[in-house]
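**Student:** Use these hints to put chain P onto chain G, whose structure you have.
Protein chains: 2
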Amino acid sequence: MENRQVIIDSLPEKRLMRENFKIVSAEIPPVNEGEVLCRTKLVTIAAGSRAGLQGSASYAGAPQAGVVMNATGICEIEASKSESFKKGDLVICQSGWQDYSKQKASQCKKIIEDIDLHHYLGALGTNGLTAYFGFFQIGDPEPGETVVISAAAGSVGHLVGQFAKLKGCKTIGITGDALKCSQLTNRLGFDKAVSYRSQQFRGKLKEACPEGINIFFDNVGGDVLGTALFRMKEHGRIVCCGAISQYDTNEPSGSPRGIPGLLVNKRIRMEGFLVFDYEKEYSQAREKIKEMIRKSEIDPINDIFNGLERAPEAFVDLLSGGNIGTRIITVN
Amino acid sequence: MENRQVIIDSLPEKRLMRENFKIVSAEIPPVNEGEVLCRTKLVTIAAGSRAGLQGSASYAGAPQAGVVMNATGICEIEASKSESFKKGDLVICQSGWQDYSKQKASQCKKIIEDIDLHHYLGALGTNGLTAYFGFFQIGDPEPGETVVISAAAGSVGHLVGQFAKLKGCKTIGITGDALKCSQLTNRLGFDKAVSYRSQQFRGKLKEACPEGINIFFDNVGGDVLGTALFRMKEHGRIVCCGAISQYDTNEPSGSPRGIPGLLVNKRIRMEGFLVFDYEKEYSQAREKIKEMIRKSEIDPINDIFNGLERAPEAFVDLLSGGNIGTRIITVN
Numbered sequence: 018m019e020n021r022q023v024i025i026d027s028l029p030e031k032r033l034m035r036e037n038f039k040i041v042s043a044e045i046p047p048v049n050e051g052e053v054l055c056r057t058k059l060v061t062i063a064a065g066s067r068a069g070l071q072g073s074a075s076y077a078g079a080p081q082a083g084v085v086m087n088a089t090g091i092c093e094i095e096a097s098k099s100e101s102f103k104k105g106d107l108v109i110c111q112s113g114w115q116d117y118s119k120q121k122a123s124q125c126k127k128i129i130e131d132i133d134l135h136h137y138l139g140a141l142g143t144n145g146l147t148a149y150f151g152f153f154q155i156g157d158p159e160p161g162e163t164v165v166i167s168a169a170a171g172s173v174g175h176l177v178g179q180f181a182k183l184k185g186c187k188t189i190g191i192t193g194d195a196l197k198c199s200q201l202t203n204r205l206g207f208d209k210a211v212s213y214r215s216q217q218f219r220g221k222l223k224e225a226c227p228e229g230i231n232i233f234f235d236n237v238g239g240d241v242l243g244t245a246l247f248r249m250k251e252h253g254r255i256v257c258c259g260a261i262s263q264y265d266t267n268e269p270s271g272s273p274r275g276i277p278g279l280l281v282n283k284r285i286r287m288e289g290f291l292v293f294d295y296e297k298e299y300s301q302a303r304e305k306i307k308e309m310i311r312k313s314e315i316d317p318i319n320d321i322f323n324g325l326e327r328a329p330e331a332f333v334d335l336l337s338g339g340n341i342g343t344r345i346i347t348v349n
Numbered sequence: 018m019e020n021r022q023v024i025i026d027s028l029p030e031k032r033l034m035r036e037n038f039k040i041v042s043a044e045i046p047p048v049n050e051g052e053v054l055c056r057t058k059l060v061t062i063a064a065g066s067r068a069g070l071q072g073s074a075s076y077a078g079a080p081q082a083g084v085v086m087n088a089t090g091i092c093e094i095e096a097s098k099s100e101s102f103k104k105g106d107l108v109i110c111q112s113g114w115q116d117y118s119k120q121k122a123s124q125c126k127k128i129i130e131d132i133d134l135h136h137y138l139g140a141l142g143t144n145g146l147t148a149y150f151g152f153f154q155i156g157d158p159e160p161g162e163t164v165v166i167s168a169a170a171g172s173v174g175h176l177v178g179q180f181a182k183l184k185g186c187k188t189i190g191i192t193g194d195a196l197k198c199s200q201l202t203n204r205l206g207f208d209k210a211v212s213y214r215s216q217q218f219r220g221k222l223k224e225a226c227p228e229g230i231n232i233f234f235d236n237v238g239g240d241v242l243g244t245a246l247f248r249m250k251e252h253g254r255i256v257c258c259g260a261i262s263q264y265d266t267n268e269p270s271g272s273p274r275g276i277p278g279l280l281v282n283k284r285i286r287m288e289g290f291l292v293f294d295y296e297k298e299y300s301q302a303r304e305k306i307k308e309m310i311r312k313s314e315i316d317p318i319n320d321i322f323n324g325l326e327r328a329p330e331a332f333v334d335l336l337s338g339g340n341i342g343t344r345i346i347t348v349n
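Protein sequences, first through last, are from chains G and P. If you read the first sequence in the numbering used here, its first letter stands for residue 18, the second for the next number, and so on. If you read the second sequence in the numbering used here, its first letter stands for residue 18, the second for the next number, and so on.
Chain G on its own, in the form it takes in the complex (with noise of 0.2 Å):
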């Protein structure tokens, strides 16, 4: 049995390239008592994963050339010895891009295909958790508010919007072209798009939602933090989930102007958070979004590619905002 991995072989000096990567055959590991083997079925691309390989600390770890490339994936269990697993059994771990890998049994969560198993890597993963926790607990909202979504095609963006929807808020996305926007307003139900990369962005924002933003769901940073901020109403709350503009570069641009000023003077909440924390409430979420999903309520996307060798162009062209919804690697 062969065991590809995508290696990081170079931290990226600028923006990201496929040559950061190279593809290597490795033994399969040896599995020692309490512990698994791993084959991967499915395994995520995401954005976040870029802010590591800045070679910086944040919360997703810094990694360091020569290694295999971390990720979320789903996994069948191909040996175990551990009394939690048996040889079959689906779990969800972070298998990395990479056809086997030996897990410890405690840092595998078992699941069931009770319904379509990419969504575990979706709606029912790291960024669905994200999309939820941040809305419903930091962004608290309230029906007739008005909702803006930075990065709203991305992988928690797309579903932020659907449960602001859910909710009875005004649902306006912020993305990069006229394809995505049209997907946004089309399949999705926003009210409005926006591109960023208009050269009216401000204008057309304002026009969007002349009214003012009561939160602002940021996965973005940068500008587009900037220029949400002064759109803020009173009593606004800012989600800061993400900094994806400040992820694919060595050089990123500045904090947004008006802190604390604005904060202030408009009572604005500007809370930042990470999924982690919410570990124990994650079962009781899943289960609420996968009745969603059931009852048709939302309609995550996942954005398949097939194949390993494919994930570093995948990922690549996600951090160009390539993506509409969580892009997820067929492996095995």
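Among the hints, a few may not be true.
A pair counts as met if it fits within one copy or between any two copies, since identical chains are not told apart.
Claimed, not checked - Derived pair list, reagent style SDA-like, types lysine to any residue, alpha-carbon separation capped at 25 Å:
(1) Lys250 <-> Asp157
(2) Lys98 <-> Pro29
(3) Lys221 <-> Gly339
(4) Lys187 <-> Lys223
(5) Lys297 <-> Asp157
(6) Lys283 <-> Asp240
(7) Lys250 <-> Asp294
(8) Lys187 <-> Ala225
(9) Lys283 <-> Gln124
(10) Lys283 <-> Thr244
(11) Lys283 <-> Asp294
(12) Lys283 <-> Gly243
(13) Lys184 <-> Arg303
(14) Lys250 <-> Phe293
(15) Lys283 <-> Gln111
Please keep in mind that the hints were generated in silico from the structure rather than gathered at the bench.
**Tutor:** Same frame as chain G, but now just chain P:
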């Protein structure tokens, strides 16, 4: 009877100067039905008023050249055409910097001299209520946490520090000079005090709280906020109360670096507030603060200047950091 008024003669181009004000003599205004004539006894000098003098919109409104400088005062009713007040009553109202003003009865709040009257402009006034709601409601403190306060010797800051000590927090003040630092630690019970003017400010702050900051109560903004932000602990809270560093200038400095990245990674909440939103809870809060004063649990400092004509110099000096506690002018 003379009615001296301190008028805004010109808006400051850079730093505010005494010459931006002039003193004139005006008529005593006639009082109509539902109004009262107030004789000013005491008025406040408040840093927040400077924001309005930038000509830009702020919660304090936008004063213009040629009008009486706005301020909260304690007044004695001279004449009343309202059933709510009789001659001799004491009220708090927006008297401005002048001997006499007419007020709508509905805009006056009656007080009785149940405690040193100055406290009604200090610990029981807007400053004290700002400290109280900002610290307890926005800061959400727990005993044992580390609280850092900027402009810690100021009217709000010196009370926040005392509330924090009372709550069982480790309390560190940031202020502008050695004299104020020693007042904070020796007189007001702060655990540590650091001057932001020190060359080693960053290092000194770190030394004062190697464990990091749970609550940063910020009255200053700019570089001081930027420095504190990098010392915040996970799940820390930044109470955005004001931005003094940005008031007395027409070239405000940039926003602090690390937003939103740091907010996300450390799950920091940064929240602005205005005390006016808590108006329904004022009475209850005043009773609690009065109790603290009577029990000598806190020691609010009132920094008193005698004579209305000294208001401009007292204000200019306040903006350059000359005061400890609440600055009050004895008018009549």
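**Student:** Determine for every hint whether it applies to the structure shown.
**Tutor:** Each hint tested on the structure:
In this assembly of identical chains, the alpha carbons of Lys250 and Asp157 lie at most 25 Å apart whether taken from the same copy (15 Å) or from different copies (23 Å). Taking the closest pair of Cα atoms, Lys98 and Pro29 never come within 25 Å of each other, the shortest separation being 38 Å inside a single copy and 77 Å across copies. Taking the closest pair of Cα atoms, Lys221 and Gly339 come within 25 Å of each other only inside a single copy of the chain (22 Å); across copies the shortest separation is 47 Å, beyond that limit. With identical chains, the CA atoms of Lys187 and Lys223 are at most 25 Å apart within one copy only, with a shortest distance of 14 Å there and 44 Å across copies.
Taking identical chains as interchangeable, the C-alpha atoms of Lys297 and Asp157 lie at most 25 Å apart whether they share a chain (19 Å) or sit on different chains (23 Å). Both within a single protomer and between protomers do Lys283 and Asp240 lie at most 25 Å apart by alpha-carbon distance, with minima of 20 Å and 21 Å respectively. Proximity of Lys250 and Asp294 under a CA criterion of 25 Å is satisfied inter-copy only: 15 Å between copies versus 28 Å inside one chain copy. For the identical chains of this complex, Lys187 and Ala225 are intra-copy neighbours only, at 10 Å inside a copy versus 47 Å across copies, given an alpha-carbon limit of 25 Å.
Taking the shortest Cα distances, Lys283 and Gln124 sit within 25 Å of each other only across copies (24 Å), while inside one copy they are farther apart (44 Å). Taking the shortest Cα distances, Lys283 and Thr244 sit within 25 Å of each other both inside one copy (15 Å) and across copies (24 Å). Taking identical chains as interchangeable, the C-alpha atoms of Lys283 and Asp294 lie at most 25 Å apart only when they sit on different chains, with a minimum of 11 Å there against 28 Å within one chain. Taking identical chains as interchangeable, the C-alpha atoms of Lys283 and Gly243 lie at most 25 Å apart whether they share a chain (15 Å) or sit on different chains (20 Å).
In this homomeric assembly, Lys184 and Arg303 come within 25 Å of each other (Cα to Cα) only inside a single copy, at 17 Å, whereas the closest approach across copies is 39 Å. In this assembly of identical chains, the alpha carbons of Lys250 and Phe293 lie at most 25 Å apart only when taken from different copies (17 Å versus 29 Å within one copy). For a Cα distance limit of 25 Å, the shortest separation of Lys283 from Gln111 across copies, 22 Å, qualifies, whereas the shortest one inside one copy, 42 Å, does not.
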